[in-house]
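Q: Here's the letter readout for the chains.
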Amino acid sequence: MELEAIKSIAAAAAIALGAFGPALAIGMLAGKGLEAVGRNPEAAQKVQTAMILSIAFAEAIAIYALVVALAIKFA
Amino acid sequence: MHISLQPEIIGTLFGIPISNSLILSIITASLLLVSGFLLVRSLRMIPGKAQSFIETLLEGILTFMSQALGNKEHAKRFFPLVATIFLFILFNNWVGVLPGTGSVGFYEEHNGEQSFVPLLRSANSDLNTTLALALISVAAIQWYGIRKLGFFRHISKFLVFTKGPIYFFVGLLELIGEFAKVLSFSFRLFGNIFAGEVLLLIIMTLVPVIAPFPFIMLEFFVGFIQALVFAMLTLIFLKIATEQVEH
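Residue numbers (this note's numbering), protein chains in the order written: chain Z, 1 to 75; chain Y, 1001 to 1247.
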């Protein structure tokens, strides 16, 4: 196969596989966070802050995968 | 369609290459500085509209920080660094979504083939800018930690000699974690903003008329969230670094 074809397939595979874990993680985090807010609405501000922080950490992994995919394709 | 990981060099100034993302970050910085100067010059005890708007904004940031830290005095001490990081990244991202970024430019010849060089490019889609911000953040975290705890107490968090071999390795991992923070900060911001730019470019190439609208709104939102996350993470790490070690 030629190089361009392999590059495209590799880039697609990198982001496709790399987004799987973070998507699950963010879903679970948000679910637990909303459950916590539902059980204790007064602590909503604290729970929300910690939840957004954790979601950002989990999303960063997906972004690393995206950067690798872009680097494969365009560099 | 022109997508490149590196920013394009527009010219040189005293031997330093000027890239298109540098131009935009200079525009953002001068926007913030000039509006700051103009507002400070007309400070009054009974504020006018502009002054009360900015006061509401900054008071909101200070309240958010006090809630996250639990202590308003600490929030006031960290406020300049964290608020500057937040506002700089926020306005960089928002100015990068405006029309004119990425589309106004000129054509250049390279080895016989023409390529398009845009004059303005979102400042955080350049790994140099985000790496600089990440280094400043982590250096400031170490600085505040050393200032609050003293040099040896701060270093004893990473080079632990008095508690046994397991804690020694934990300390080494913490040290590696500090470097990982630099990478994680810079790549999170870079990845989000660069991917957003590529997305907007592709959508505008395919359907330029009405379809970009939800994506521009998305980029707007993502820019805000990334600025918030960067500032909040800096704040949390500052809090952890200036805490008394209590084992």
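Hints are computed from structural coordinates only; laboratory data are not their basis. Virtual Cβ for every residue (Gly too), placed ideally from N, Cα, C. There could be a bad hint or two in this list.
Said to hold, decoys possible - Across the chosen pairs, the derived CB separations fall in these ranges: (1) Glu1109(Y) / Met28(Z): 29 to 37 Å; (2) Ala43(Z) / Phe1116(Y): 45 to 53 Å; (3) Phe1014(Y) / Ala43(Z): 53 to 61 Å; (4) Thr1063(Y) / Ile9(Z): 30 to 38 Å; (5) Ala1029(Y) / Thr49(Z): 24 to 32 Å; (6) Gln48(Z) / Ser1035(Y): 25 to 33 Å; (7) Phe1169(Y) / Phe57(Z): 21 to 29 Å; (8) Thr1056(Y) / Gly38(Z): 28 to 36 Å; (9) Met1(Z) / Gly1060(Y): 30 to 38 Å; (10) Ala1029(Y) / Pro41(Z): 38 to 46 Å.
What the hints assert, rightly or not - Under the rule of at most 20 Å between Cα atoms (straight-line distance), these lysine to aspartate or glutamate pairs were calculated in the EDC-like manner: (11) Lys73(Z) / Glu1197(Y); (12) Lys73(Z) / Glu1008(Y); (13) Lys1148(Y) / Glu1055(Y); (14) Lys46(Z) / Glu1059(Y); (15) Lys1076(Y) / Glu1243(Y); (16) Lys1072(Y) / Glu1055(Y); (17) Lys1157(Y) / Glu1059(Y).
Q: For Ala43(Z) and Phe1116(Y), compare the CB-CB distance with the range 45 to 53 Å and indicate the outcome.
A: Holds: the Cβ-Cβ distance is about 52 Å, inside 45 to 53 Å.
Q: Taking the beta carbons of Thr1063(Y) and Ile9(Z), is their distance inside 30 to 38 Å?
A: 50 Å, violated
Q: Just to be sure I understand the hint, the distance between the Cβ atoms of Ala1029(Y) and Pro41(Z) should be within 38 to 46 Å; is that true here?
A: Roughly 41 Å apart at Cβ, these two residues keep to the hinted range, so it holds.
Q: Please verify whether Lys1157(Y) and Glu1059(Y) have alpha carbons no more than 20 Å apart.
A: 34 Å, violated
Q: Do Glu1109(Y) and Met28(Z) keep their Cβ atoms within the hinted range of 29 to 37 Å?
A: Taking Cβ atoms as reference, Glu1109(Y) and Met28(Z) lie about 52 Å apart, which means the hint is violated.
Q: Hint says 24 to 32 Å; check whether the CB-CB distance for Ala1029(Y) and Thr49(Z) agrees.
A: 29 Å, holds
Q: Check the hint pairing Lys73(Z) with Glu1008(Y) against an upper bound of 20 Å on the C-alpha distance.
A: Within the cut-off at roughly 18 Å; holds.
Q: Regarding the pair Lys73(Z) and Glu1197(Y), is the alpha-carbon distance no greater than 20 Å?
A: 15 Å, holds
Q: Can the restraint linking Lys1072(Y) and Glu1055(Y) be considered satisfied, given a maximum Cα separation of 20 Å?
A: 17 Å, holds
Q: CB of Phe1169(Y) to CB of Phe57(Z), is that within 21 to 29 Å?
A: 23 Å, holds
Q: Take the C-beta atom of Thr1056(Y) and the C-beta atom of Gly38(Z), compute their distance, and say whether it sits inside 28 to 36 Å.
A: Once the Cβ atoms are compared, 31 Å apart, the range 28 to 36 Å for Gly38(Z) and Thr1056(Y) holds.
Q: Just tell me: holds or violated, for the beta carbon distance of Met1(Z) and Gly1060(Y) against 30 to 38 Å?
A: 55 Å, violated
Going down the numbered hints, you'll see the structure goes against 1, 4, 9, 13, 17, while the others check out.
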